[in-house]
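We have chain G; now place chain U onto it with these hints.
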Amino acid sequence: MLRLILSRLVAAIPVMGVVAIFVFLMLRLSPGDPAAILAGDQATAEVIAAIRADLGLDRPIPEQFVTWMGQILQGDLGRSVLSKQPVAMMIGQRVEPTLSLALMTLLFAVVVAVPLGVIAAWKQGSWLDRGIMALSVAGFSIPVFVLAYILIYFFSMKLDWLPVQGFTPISEGLLPFLHNIALPTLALSFIYIALFARITRAAMLEVLGEDYIRTAYAKGLKERVVLTRHALRNAAVPIVSVIGIGFALLIGGVVITETVFNIPGIGRLVVDAVLARDYPIIQGVILLFSGVYVLINLAIDVAYVLLDPRIRY
Amino acid sequence: MPAFLRHPAFRNPSVLIGGGILLALFIVTVCAPILSSLDPSAIAPRLRLRAPSEQYLMGTDALGRDVWTRAIYGGRISLLVAACVSVIAVSLGLVIGLVAGYIRWLDGPVMRAMDGLMAIPGILLAIALVSLSGANLTTVIVAITIPEIPRVARLVRGVVLSIREEPYVEAAIGLGTPTRKILVSHVLPNTVAPLIVQGTYICASAILIEAILSFLGAGLSSEIPTWGNIIAEGRAVFQRAPWIILFPGGLLAVTILAVNILGDGLRDTLDPRMKKRLGA
Chain G
0 MLRLILSRLV AAIPVMGVVA IFVFLMLRLS PGDPAAILAG DQATAEVIAA
50 IRADLGLDRP IPEQFVTWMG QILQGDLGRS VLSKQPVAMM IGQRVEPTLS
100 LALMTLLFAV VVAVPLGVIA AWKQGSWLDR GIMALSVAGF SIPVFVLAYI
150 LIYFFSMKLD WLPVQGFTPI SEGLLPFLHN IALPTLALSF IYIALFARIT
200 RAAMLEVLGE DYIRTAYAKG LKERVVLTRH ALRNAAVPIV SVIGIGFALL
250 IGGVVITETV FNIPGIGRLV VDAVLARDYP IIQGVILLFS GVYVLINLAI
300 DVAYVLLDPR IRY
Chain U
0 MPAFLRHPAF RNPSVLIGGG ILLALFIVTV CAPILSSLDP SAIAPRLRLR
50 APSEQYLMGT DALGRDVWTR AIYGGRISLL VAACVSVIAV SLGLVIGLVA
100 GYIRWLDGPV MRAMDGLMAI PGILLAIALV SLSGANLTTV IVAITIPEIP
150 RVARLVRGVV LSIREEPYVE AAIGLGTPTR KILVSHVLPN TVAPLIVQGT
200 YICASAILIE AILSFLGAGL SSEIPTWGNI IAEGRAVFQR APWIILFPGG
250 LLAVTILAVN ILGDGLRDTL DPRMKKRLGA
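Protein chains in written order, with numbering that gives the first Met the number 0: chain G, 0 to 312; chain U, 0 to 279.
Please note: incorrect hints may appear among the correct ones.
[As the list claims (entries may be wrong)] Okay, derived cross-link-like pairs now, SDA-like style, lysine to any residue, Cα gap no bigger than 25 angstroms in a straight line:
#, chain 1, residue 1, chain 2, residue 2
1, G, Lys157, U, Ala61
2, G, Lys157, U, Gly249
3, G, Lys83, G, Gly208
4, G, Lys157, U, Gln238
5, G, Lys83, U, Gly216
6, G, Lys221, G, Val241
7, G, Lys157, U, Asp267
8, G, Lys157, U, Gly133
9, G, Lys122, G, Asp271
10, G, Lys122, U, Ser52
11, G, Lys157, U, Leu56
12, G, Lys157, U, Ala50
13, G, Lys122, G, Ala137
14, G, Lys157, U, Val236
15, G, Lys221, G, Leu231
16, G, Lys83, U, Gly133
17, G, Lys122, U, Gly216
18, G, Lys157, U, Ser13
19, G, Lys157, U, Ala235
20, G, Lys83, G, Phe107
21, G, Lys83, G, Lys122
22, G, Lys122, U, Pro12
23, G, Lys83, G, Asp271
24, G, Lys157, G, Pro175
These are calculated hints, taken from the structure and not from any lab test. Small disclaimer: the values here were computed from a predicted structure and weren't measured.
Bound conformation, chain G alone (with noise of 0.2 angstroms):
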């Protein structure tokens, strides 16, 4: 085990450093001067020469990327221009909401997407099947954004449940945060049930054709059991591997949830950056966003091994 876990992480490695690179190449390939846009909109020239001597962005192109490779994996991801204080730091203060949301997201999805799927699939081509299906396309076309505005007109405007925006804090008491997350983690979550849902009904109907399965019903089991306990577990590879996929969409659906729902996340922090054009803090967030995408595929292949032993590296 120890030892797939260190080959999966030595391979991630390569992976992340073409990520750098790209990252480093973007500021440095892109039309106009690198340190005028780190310095900001407002700079003076002598900000830009300083923040050009500081950076090293005289000097070769090698070697500036082996010296800002250095600061990166030393945790310096520079600092920002407009609040001047350390990337990292500001990234940081900001993780909390937006853990709570992603995780709340993928574990409302997970419980009400799986037992979806797996109905689908047993009642493979009825009414239901065809409605869960349908509900999961539409769900996979409709915008995070415009269903969060569809959520808030009936939640917040017509019924008065729930709050337009905002984020409590879970040290606050559960019950506040649950108040406060509920709109945010219904609307990011729709596409993931789709997503989810349609995955295990795949997975569920591929593992239903196997004659282990007719094996378990011939030996009398109740449907429940055969459903759950022989095919949900054989299926469960595909759909773990999926989360991964969805992990990609959440990102995204993130930076657009807290900007509806302004909630004081990293995504948040991001979109602020871009309207101010505040580079390293843009630059910090992908480097992160990147390396946490690695490592949940690096997870999800190790889950593969510990849920289903024939799997071997």
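Structure of chain U alone, referenced to chain G:
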């Protein structure tokens, strides 16, 4: 009736419904000046925040501009971006995938680069690219295209790798057929069906990301009516005038839905292997 219209794809209900909605939308946006005599940017302060009525189908916004007129002009941008992004992404991805799949020593480095590009969240990458280079139609299209390329390249490489094991390709190699000819006459035709399907899904994703860029204020200038811009401008007055967001948002959702349905239909008729894998 031209021969290609007899293809089973044109009898598939999903293709007909999705394609029909898109065709209708295309005609509406092309005929925008006929369907509305109003100027999408004409400000009329006295007519601000009018609810939807016979005269103003989707109401008016905070500056008194007609939302319906703005929405049909905005549809032009969405369709244009979708078409450009899918054509460019498919072409570039095709070339990269063919090269990676056929030239062995390039496979490793090229695919590692694609893996790295895929690890960067597409929306963030697009936002960063646009904010670095300044937003106009070209940069928006380029920024949406770049994150889509690796998926196409992966798909094409997969097709190439499976095709080159086929006996007829081995026979062609054995007969001394030049590589270029094998690629063009044996490998390329096999990539057409999956690429049409993938290209359709890229259209959906391009329409969505363009709208997101505009909505976040990172896309085309707010003077240009795009669905994302109309929705973004409606945010401040959503409680008083929800139609400014709900109508263009609905159009956006219906368009993406139509593209996805079309893609599913094309997948089922053109690429049956995919259908089995997804169980759809």
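> Which of the listed hints are broken here?
Replying inline: Going through the list in order, the structure violates hints 3, 6, 7, 8, 9, 10, 17, 18, 20, 21 and respects the others.
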